[in-house]
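Undergrad: Could you put together the complete structure from these sequences and hints?
Listed in order, the protein sequences are those of chains Y and X. The numbering used here numbers the first residue of the first sequence as 556 and each following residue consecutively. The numbering used here numbers the first residue of the second sequence as 101 and each following residue consecutively.
Derived by calculation from the structure, the hints in this document are not laboratory data. Hints are supplied without guarantee of correctness; some may be wrong.
To be verified - Which stretches of chain X does chain Y cover? Using the computed rule of at least three CB atoms under 8 angstroms from a CB of chain Y, they are: (1) 215 to 225; (2) 258 to 272; (3) 341 to 352; (4) 390 to 396; (5) 400 to 406.
Ideal Cβ positions, reconstructed from N, Cα and C, are used throughout, including at glycine.
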Amino acid sequence: MAIDSGTWINVGFYIYVSIAFAILALGFNLQWGYTGLFNAGIAGFFLIGAYTAAFAITPPTPPSIGYPGHLGGYSLPLPVGAVLAMVASGAVAALVALPTVRLRADYLAIATLAFAEVLRIFAINLESITAGTIGIPGLPAPVEFNPPNAFLNATVKVAVSAALILALLLVLYFMAESPWGRVLRAIREDEEATMALGKNTFQYKLQAFALGGALMGLAGWLFVITLNYIEPTGSSAATTLGFAPAVTFSVWVMVIVGGAGNLRGSVVGAFVIYGFQWLSVQLKDLAPTELKEGIPYLRLMIVGVLLIVLIIYRPEGILRERKRVLR
Amino acid sequence: MATIFLALLAGLAALFGISILQYTLAGFRLSSIVIVAAIGLTVIYGIRGFANFAYGDLMTLGAYVALFVNMNLALSLIWGAIVSFLALAVVGILLEVLIFARLEGRGPVPPIVASVGVGLIIQNGINWGGTTQQWIFRIPAVTEIPIVPGIGFHWIRDFGTFVVGIGFVVSVHLLLTYTNLGKAMRATADNLELAKATGINTKRVTYAAWALSCSFASTAGILLGLIGVLSPTMGFNVILLIFAAVIVGGIGSPYGAVLGGLVIGLSQEMSVPLLIWLERPDVLHLEHSTAYKVAIPFIVMIGVLIFRPWGIAGRPPAFARRVFFMERITKFLGRRGDATEPVRGEGGG
Chain Y
556 MAIDSGTWIN
566 VGFYIYVSIA
576 FAILALGFNL
586 QWGYTGLFNA
596 GIAGFFLIGA
606 YTAAFAITPP
616 TPPSIGYPGH
626 LGGYSLPLPV
636 GAVLAMVASG
646 AVAALVALPT
656 VRLRADYLAI
666 ATLAFAEVLR
676 IFAINLESIT
686 AGTIGIPGLP
696 APVEFNPPNA
706 FLNATVKVAV
716 SAALILALLL
726 VLYFMAESPW
736 GRVLRAIRED
746 EEATMALGKN
756 TFQYKLQAFA
766 LGGALMGLAG
776 WLFVITLNYI
786 EPTGSSAATT
796 LGFAPAVTFS
806 VWVMVIVGGA
816 GNLRGSVVGA
826 FVIYGFQWLS
836 VQLKDLAPTE
846 LKEGIPYLRL
856 MIVGVLLIVL
866 IIYRPEGILR
876 ERKRVLR
Chain X
101 MATIFLALLA
111 GLAALFGISI
121 LQYTLAGFRL
131 SSIVIVAAIG
141 LTVIYGIRGF
151 ANFAYGDLMT
161 LGAYVALFVN
171 MNLALSLIWG
181 AIVSFLALAV
191 VGILLEVLIF
201 ARLEGRGPVP
211 PIVASVGVGL
221 IIQNGINWGG
231 TTQQWIFRIP
241 AVTEIPIVPG
251 IGFHWIRDFG
261 TFVVGIGFVV
271 SVHLLLTYTN
281 LGKAMRATAD
291 NLELAKATGI
301 NTKRVTYAAW
311 ALSCSFASTA
321 GILLGLIGVL
331 SPTMGFNVIL
341 LIFAAVIVGG
351 IGSPYGAVLG
361 GLVIGLSQEM
371 SVPLLIWLER
381 PDVLHLEHST
391 AYKVAIPFIV
401 MIGVLIFRPW
411 GIAGRPPAFA
421 RRVFFMERIT
431 KFLGRRGDAT
441 EPVRGEGGG
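TA: Here's what the structure looks like:
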């Protein structure tokens, strides 16, 4: 075997977490890159998807001493969990969009960020439903091997995530190139003109926002079946994928780095930015001891610098949106 | 206004007992801080037209500058506040020159993204270069004056924040009403092109607004550290509260920010007895109910965004009110595809 099993498990982790981020980025790209709706509550929709999936697919966990228990425990098949996660996140996104999507971009950002923070407060404190900060452990992986085999487990997770993202890219490509996608881009460029052409822009914005939310819910499902544990307080140092606002900001960076308004950009952005985070964790042991503690903070500082530099000097990202010309 | 509030307070006291006074006191304490911060945030929002998401982290930075003077140079916190006030004014001008001036005229989203970047740099810079632990300011020890058993009045924590809050409101009022700079700021916030045409040096006004905004952030941050502890995330944790106050009051209006700050601060702290009531097993049996008090301001904000997007204090822009309600009514009657979109959020100024 060319690579040893430990390395593959590590690299596999990088791949499926990157893909979860890429799905979040695709959802945000649909909302902002295509339609111009600046969502600052990505973490909130992600949370809804993750918890819905967790409630649906876990085996029952009765409350015990030291564990408050949680809702659900229906042991449903994983694909059903995915559908439920998408439906729940999409429905909540539509509800959030109804009053807010007509607002100016800055109001929308504040309202959605507030929404995500309120959700997180509820997830932390509603212990009888979410198990609070203890979280929900023991979430099922796509295939349970007997005896447990970490190598095959990682392989299956990578395969499932890769299949999922390829299918999504295909679907989203056709949607973005369809007349529907064209209207979304028209709304981004000039909403008044689109209205003047007789399009009900409110309906289109609502659909784009709800669909983006559903994608974020799907990312939550992928998070649940690959990492097999969720808790609401923040992002664990290893993944930086959690439900804190930092996740929202990371997704912004990914879409801006990759290039807003094109699908490849979101995926490339997710792999590049998460790769940078993953490498910094992998290479932690090489750093001098006095630096070691500060690496997560240093990384977020670099994310901040990237946001500023890119938005000033290269707002179109690495892969710019294809110019479309009238024929 | 005041009588309504007193009547409400009396009603609540009759319902929940005298302990409501404690929550009222906490509400005013929080309001003073939110007001100082909201004035600073709304000034830059009005003049530069974007939401500064770094504002919470600028508050943290201000508090830490004061902490440095307070601890390392062993000076009184008053000196810390003065140094921090001036330092943050410089930081504000630097931010405009280095970053935000380059994003002028690109709509609201790029400056929001850049401000989040600034916030990440400040917050994690403190975490990285300084320390992740919590600190408290070194202030003279004072004993609480008891009002009723269990409720005390702290000279620095309670009286100090009120006085600073009122002092800042009065000085902003004087600045905006009686000085040329203040008038120029109002004119620029109202209409940039017209202000330029009348010969106002809008560049200088923008710098002044940034300096004012960031130095207000430093004072708000110090007050926040005074009533609690200093930590690298202290400012980020309250940023949404301050946005809520700004939106409730009407974006760009300092007077609205005062009203918004009062509504937000009081609603958060005075919802506590209600939440405690909800915790009772025979009512709703809500666990950890007081943790939800931070959600109350957002509910107020969402309500304002839906029904009065120009703020409770701001005047609705011409026609907007009528168009807005007509639109609601037509929507309600089910006539779809109506493409009118009123001008929103331009209230105050």
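Undergrad: Closer than 8 angstroms Cβ to Cβ for three or more residues is the test here. Does the segment 215 to 225 of chain X pass it with chain Y?
TA: Contact hint for the segment 215 to 225 of chain X vs chain Y: holds, 9 residues under 8 angstroms.
Undergrad: Taking beta carbons only, do three or more residues of the segment 390 to 396 of chain X come closer than 8 angstroms to chain Y?
TA: This one holds; 4 residues, not fewer than the three required, reach chain Y with a Cβ under 8 angstroms.
Undergrad: Are there three or more residues in the segment 258 to 272 of chain X whose C-beta lies closer than 8 angstroms to some C-beta of chain Y?
TA: Contact hint for the segment 258 to 272 of chain X vs chain Y: violated, 0 residues under 8 angstroms.
Undergrad: State whether the coverage of the segment 400 to 406 of chain X by chain Y holds or is violated, taking the criterion as 3 or more residues with Cβ-Cβ distances under 8 angstroms.
TA: Per the Cβ count (4), the hint holds.
Undergrad: Taking beta carbons only, do three or more residues of the segment 341 to 352 of chain X come closer than 8 angstroms to chain Y?
TA: Satisfied; 3 residues make the cut.
Checked against the numbered hints given earlier, the structure breaks only hint 2 and satisfies all the rest.
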